[in-house]
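Q: Modelling step: build the complete structure from the supplied sequences, incorporating the hints.
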Amino acid sequence: MSRLFRRLRPPTPDSRLPRIAIAIGAALLSLVLLALSGIAFGHAPGELLSILISGSVGSKFALEGTLLKSVPLLLTGLSVAIAFRAGVWNIGGEGQFLAGALGAFLGARYGMAAALAASLIAGALWASIATAMRLWRNAPEVLTTILLNFIAIHLLGYAVNGPLQEASGKYPQSDVVAASLPAIGSSELHAGIVIAVVAAIGAWFLLYRTAEGLRLRASGFNRSAAKWAGVNVDAQLVRAMAISGSMAGLAGGIELLGVTHRLFERFAAGYGYAGIAVALLAQLHPLGTLASAFFFGALTTGAGELQRTAGISSTVATFGQAIVILAMIALTRRRNA
Amino acid sequence: MKRLAVLALLPFLLLACPRRESASSAMKVGLLTPGSVNDGGWNAIAYEGLQQIHKQLGAEISNQETKTPAEIDEGFRSYGAKGFDLAFGHGFEFQDAALKAGKQYPKTIFITTSGSSVAPNVSPMVFQLEQATYLLGVIAARESKSGKAGLVGGINLPSIASTFLAFKAGAQSVNPNFEVKEIYTGNFDDAGAAKLATLSLINAGCDFIFHQSNEAGRGVFQACQERKVRCFGSNKNQNDMAPDVIVASAVLDVPGAFVYMARLVHDHQFQPHVYWLGMHENIVSLVWNDKLKAALSPQTVAEVTRIEADIRSGKFEVPRGKF
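Same order as they appear, the protein sequences are chains A and B. Residue 638 in our numbering sits at position 82 of the first sequence; the count goes up by one each step and never skips. Residue 58 in our numbering sits at position 57 of the second sequence; the count goes up by one each step and never skips.
Since the hints were made in silico from the structure, they are not lab data. Given the structure is predicted, the values throughout are model-derived calculations rather than measurements. It is possible that some hints are incorrect.
[Said to hold, decoys possible] With a cut-off of at most 27 Å between alpha-carbon atoms, the simulated DSS-like pairs for lysine-lysine come out as follows:
hint, chain 1, residue 1, chain 2, residue 2
1, B, Lys146, B, Lys294
2, A, Lys726, B, Lys237
3, B, Lys149, B, Lys294
4, A, Lys616, B, Lys83
5, B, Lys108, A, Lys616
6, B, Lys104, A, Lys726
7, B, Lys146, B, Lys29
8, B, Lys108, B, Lys83
9, B, Lys294, B, Lys237
10, A, Lys726, B, Lys323
11, B, Lys104, A, Lys616
12, B, Lys29, B, Lys83
13, B, Lys182, A, Lys726
14, B, Lys182, B, Lys149
15, B, Lys101, A, Lys616
16, B, Lys101, B, Lys56
17, B, Lys56, A, Lys726
18, B, Lys294, A, Lys616
19, B, Lys292, B, Lys149
20, B, Lys83, B, Lys104
[Stated by the list, open to error] Only some residues are given here: those of chain B computed to face chain A with a beta carbon under 8 Å:
hint, residue
21, Ser37
22, Ser63
23, Asn64
24, Ala71
25, Glu75
26, Gly76
27, Ser79
28, Gly84
29, Asp86
30, Glu94
31, Ser118
32, Pro159
33, Gly206
Glycine included, each C-beta is placed from N, C-alpha and C at the ideal position.
A: This is how it looks when you write it as structure tokens:
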């Protein structure tokens, strides 16, 4: 496990072009393999690819669907990228996403700003439990963050079956949340997309244009060296995890306030884990996540259309994610060898 | 780099292949499920219903496994935009999206499995398995020697609690002092936990057991077989799973319900309201295990048959949970 993670560590800074080429190559490879897999289902690869593309970016309807799904992916991708940059394997995006949604639901009665702030804080606090366990007992984040996911899932289950269940008490879901993000024009899109893009630019600024970002990356790159250079690496860890968690929390809050408007047990649906693929394809670069979140959003939307029109299970989107991760590892290794 | 350039060109080469277009005037029916249609349970039976619609009504069918809430909205709107006649959402959580898409696409009819939201082109279908579990309660109370029956549930969901409520009502219609004990194991797949729960109910004196624990039901039947205690099957005809102890099963024909709704839409008989589907529509039934039925008192069988006829005709309404 740890060797795998070491492989995924941020590569040493060098010429930019090959790194982008690797990402584009991995993305294209996943598309080509997806299209070729259509042969197994009796469809021409070209037909599949054309459904995949027209179903994800080919119309206003499709493009809206893609952008809508890119928003949570972008934020969970940022969450993973920031943590990985700091050398922390935060794979608790799913739990922080749920914590953020719960926070947003409770905060919404005091208005939209309160709801968003609550989602940030809740995500940060949930991630900080893992940090606390690291500092207190040296518990590895890989373990604690993933276990915290399960706790969050059950916490949400308890909430929608208990204190937050809808007033009519019929189904295990909450009432409609008290605030909601405004729609953009007459589209299906909501203002969350603006927040997410601002967050991506903010994360880039933080990582590459501030002393805090330099310290964060330094502790991720070489913990001992950073320590001897005078960085308080423990405090750095606390802050990096909190920022990372707040991004995933914000994703959950925005999904609640912009898309579902209610909490229910199936709320997270894997956005936290998908964020890992988003961050890796982006090579842990905040601006890269803009493109890679859009790519995975398009893949999911296109896969939905693929199932509706060609009868191929939309699980192929997950298949695509896996190919991207594997291709990224394979191509990165070749380069290092 | 060269290799990458070739890779980059591949998709466009593939795009050049021609794409088939299909055009027909057949009824179009779509289905959104909350999970994989290969789950062998909740989603699989809905998918089977969709295929039955294709076979029996010649409808053009389409389905999507919607993993995220955003996909639910998108799936419904996509079916609306493509002029589908009917779109199913398989769960209560599809209600909000159905109402929203229903407003946008008035020509498509949106049906959710369970729920209560109704609009001119949106209705839920609600299964009345309670009608059969009520009868199981009657059988248990009339045939029990100890005056106690046990219920083993998976998760305490409104739909499950409601079938237990009906069982209790059926039993207490025979004997107001009949005792019904309930245990929820907290999940639907731990057969071991279900077996332990069943054993503890048997030890507490229950001599009839009914379960609502899906896959974990195997554990219930194992315990009943070991202790020679009679029990009932649920949802599917489970009589063959333990033919020595299962007296009858409360059977729910979910695929039949999908076909029932599609036929209404097909014949332009659809009216917006909550569709209660039960024995009258042949969606719910009580299936006896003939071998064990012969061992019951003739009065019990006669009484159950009489109540069953009253339920079917609508003369008697079975109590159910409020959801």
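Q: Decide, hint by hint, whether the structure agrees.
A: Hints versus structure:
no., hint, verdict
1, B/Lys146 <-> B/Lys294, "holds, 17 Å"
2, A/Lys726 <-> B/Lys237, "holds, 25 Å"
3, B/Lys149 <-> B/Lys294, "holds, 20 Å"
4, A/Lys616 <-> B/Lys83, "holds, 14 Å"
5, B/Lys108 <-> A/Lys616, "holds, 21 Å"
6, B/Lys104 <-> A/Lys726, "holds, 24 Å"
7, B/Lys146 <-> B/Lys29, "violated, 54 Å"
8, B/Lys108 <-> B/Lys83, "holds, 11 Å"
9, B/Lys294 <-> B/Lys237, "holds, 18 Å"
10, A/Lys726 <-> B/Lys323, "holds, 7 Å"
11, B/Lys104 <-> A/Lys616, "holds, 19 Å"
12, B/Lys29 <-> B/Lys83, "holds, 9 Å"
13, B/Lys182 <-> A/Lys726, "holds, 23 Å"
14, B/Lys182 <-> B/Lys149, "holds, 8 Å"
15, B/Lys101 <-> A/Lys616, "holds, 18 Å"
16, B/Lys101 <-> B/Lys56, "violated, 30 Å"
17, B/Lys56 <-> A/Lys726, "violated, 35 Å"
18, B/Lys294 <-> A/Lys616, "violated, 62 Å"
19, B/Lys292 <-> B/Lys149, "holds, 23 Å"
20, B/Lys83 <-> B/Lys104, "holds, 15 Å"
21, Ser37, "holds, 7 Å"
22, Ser63, "holds, 5 Å"
23, Asn64, "holds, 7 Å"
24, Ala71, "holds, 5 Å"
25, Glu75, "holds, 5 Å"
26, Gly76, "holds, 7 Å"
27, Ser79, "holds, 6 Å"
28, Gly84, "violated, 13 Å"
29, Asp86, "violated, 15 Å"
30, Glu94, "holds, 6 Å"
31, Ser118, "violated, 11 Å"
32, Pro159, "holds, 6 Å"
33, Gly206, "violated, 31 Å"
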